[in-house]
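Visitor: Sequence lines, in order, name chains L and B. The first sequence runs 1 to 174 under this note's numbering. The second sequence runs 175 to 348 under this note's numbering.
A couple of the hints might just be wrong.
[As the list claims (entries may be wrong)] Here are a few chain L residues that sit away from chain B, every Cβ distance over 10 Å (derived from the structure):
| # | residue |
| --- | --- |
| 1 | K2 |
| 2 | R8 |
| 3 | K93 |
| 4 | V102 |
| 5 | D140 |
| 6 | N165 |
[Unchecked claim] The list that follows gives simulated cross-link-like pairs (lysine to aspartate or glutamate, EDC-like), each with its CA atoms no further than 16 Å apart:
| # | chain 1 | residue 1 | chain 2 | residue 2 |
| --- | --- | --- | --- | --- |
| 7 | B | K176 | L | D10 |
| 8 | L | K2 | L | E35 |
| 9 | B | K229 | B | D314 |
| 10 | L | K55 | L | E129 |
| 11 | L | K2 | B | D184 |
| 12 | B | K330 | B | E303 |
I should point out that these hints are in silico values taken from the structure, not numbers from a laboratory. Note that beta-carbon positions come from the ideal geometry of N, C-alpha and C, so glycine has one too.
Here is what each chain is made of, one letter per residue.
2 protein chains.
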Amino acid sequence: MKYCSQCRADIVVAIPPGDNRERYTCSACDFIFYENPRIIAGSIPVFGDQILLCKRSIEPRSGYWTLPAGFMENGETTQQGAWRETLEESLAKVEIGNLFSVCNVPRINQVHMFYLAQMTSHVFGPTTESSEVALFAEQDIPWNNIAFATVKQTLKHFLTDRKHNQFQLHHLEF
Amino acid sequence: MKYCSQCRADIVVAIPPGDNRERYTCSACDFIFYENPRIIAGSIPVFGDQILLCKRSIEPRSGYWTLPAGFMENGETTQQGAWRETLEESLAKVEIGNLFSVCNVPRINQVHMFYLAQMTSHVFGPTTESSEVALFAEQDIPWNNIAFATVKQTLKHFLTDRKHNQFQLHHLEF
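Bound-form chain L, shown alone (with noise of 0.2 Å):
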């Protein structure tokens, strides 16, 4: 961030009157850009017992496998964005149901959050994101191909939790 979005001025780091730590804050007209955790969204999407994966064909984790998820959207809730995500990414539709992992990922300012999911048709496929849409038997879940940790963590979590038929939040930190 190099120059004021409200006023075309210089942009520079300060810490505020009253905060204490730093912003992006204009040299004129003194208006602070805050920065803050993104949310993304997503689902374990579910028909039978085989779940649905999506091997991504865009940046980052191209060509690995992931849940449906995404950034999180103004204007909706956390569930209409993993539901809207799903069928983004996978052409799937769902029915959301519960909050199963939140994953904190400070590292890249992120919060991972997954809902659990019933496919309510065998409606999917490929997507502009995905250039494969899947659904997998725990057996076949290609573990060393999975695009990102939180998605690992969270399927482990589901297929233990489905063991015992009892699904429970998960708090995870990565």
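Mind docking chain B on chain L? Use the hints.
Guide: Quick look at chain B alone, frame taken from chain L:
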């Protein structure tokens, strides 16, 4: 947002290629400025059977009572945000427990996340953001002067769950 923070050119509102919603976009360098919901991290600080509330001395809702909570910062986890905000608003040090409520407020692009919390000492007091900080027994909670609906609902669910001695996650929408 009027001017590009990268190159000073005029910002336009447009749907970028491959996207499906309007974004602030630079008319010259094509930089896209995404805006996403923010997380408010907070706690329900408990000392014995009393709950710590803060009387806000800043807008919005100055003069009304709230649980300590505020914008999660880059580089921290949701629990660290809840811990820091509790200290900053009430001077109380707490041990953060389980996630208790996730409150979507899509109208203002916020997600409020409140954690169970045990005060580790009886130390608390007013701060730059709180004109008063006080412990309340259940029957003394100032229900008509609670600052935010998310706080009021979180407190109500907390008291109900405490009565049944079983705390669960509450996923709420406002």
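Visitor: Going straight from one Cα to the other, do K229 (chain B) and D314 (chain B) come out at no more than 16 Å?
Guide: Satisfied, since the Cα-Cα distance of roughly 14 Å is no more than 16 Å.
Visitor: A cut-off of 10 Å on Cβ-Cβ distance, and N165 (chain L) was said to be off the interface with chain B. Does that hold?
Guide: About 18 Å separates N165 (chain L) from the closest Cβ of chain B, which puts it past 10 Å; holds.
Visitor: Taking the closest pair, is the beta carbon of D140 (chain L) still more than 10 Å from chain B?
Guide: holds (31 Å)
Visitor: Are the Cα atoms of K330 (chain B) and E303 (chain B) separated by 16 Å or less?
Guide: The hint is violated at about 24 Å.
Visitor: Take a quick look at whether K2 (chain L) and E35 (chain L) sit within 16 Å of each other, Cα to Cα.
Guide: holds (14 Å)
Visitor: So K2 (chain L) supposedly isn't at the interface. Is its beta-carbon more than 10 Å from every beta-carbon in chain B?
Guide: violated (6 Å)
Visitor: Given the hinted pair K176 (chain B) and D10 (chain L), is their alpha-carbon gap at most 16 Å?
Guide: Answer holds: K176 (chain B) to D10 (chain L) is near 14 Å, not above 16 Å.
Visitor: Between K2 (chain L) and D184 (chain B), is the straight-line Cα distance small enough, at 16 Å or below?
Guide: Holds - the C-alpha atoms of D184 (chain B) and K2 (chain L) are around 14 Å apart, at most 16 Å.
Visitor: Find the nearest Cβ of chain B to the Cβ of K93 (chain L) and say whether that gap is larger than 10 Å.
Guide: holds (17 Å)
Visitor: Quick one, are K55 (chain L) and E129 (chain L) close enough, alpha carbons at most 16 Å?
Guide: Roughly 8 Å separates the two Cα atoms, so the pair holds.
Visitor: Classify the label on V102 (chain L) as holds or violated, using whether its beta-carbon is more than 10 Å from each beta-carbon of chain B.
Guide: V102 (chain L) is in fact no farther than 10 Å from some Cβ atom of chain B, at 6 Å.
Visitor: Just checking, R8 (chain L) versus chain B, shortest CB gap more than 10 Å?
Guide: With a cut-off of 10 Å, R8 (chain L) comes too close to chain B, as the shortest Cβ separation is near 5 Å.
Checked against the numbered hints above, the structure breaks hints 1, 2, 4 and 12 and satisfies the rest.
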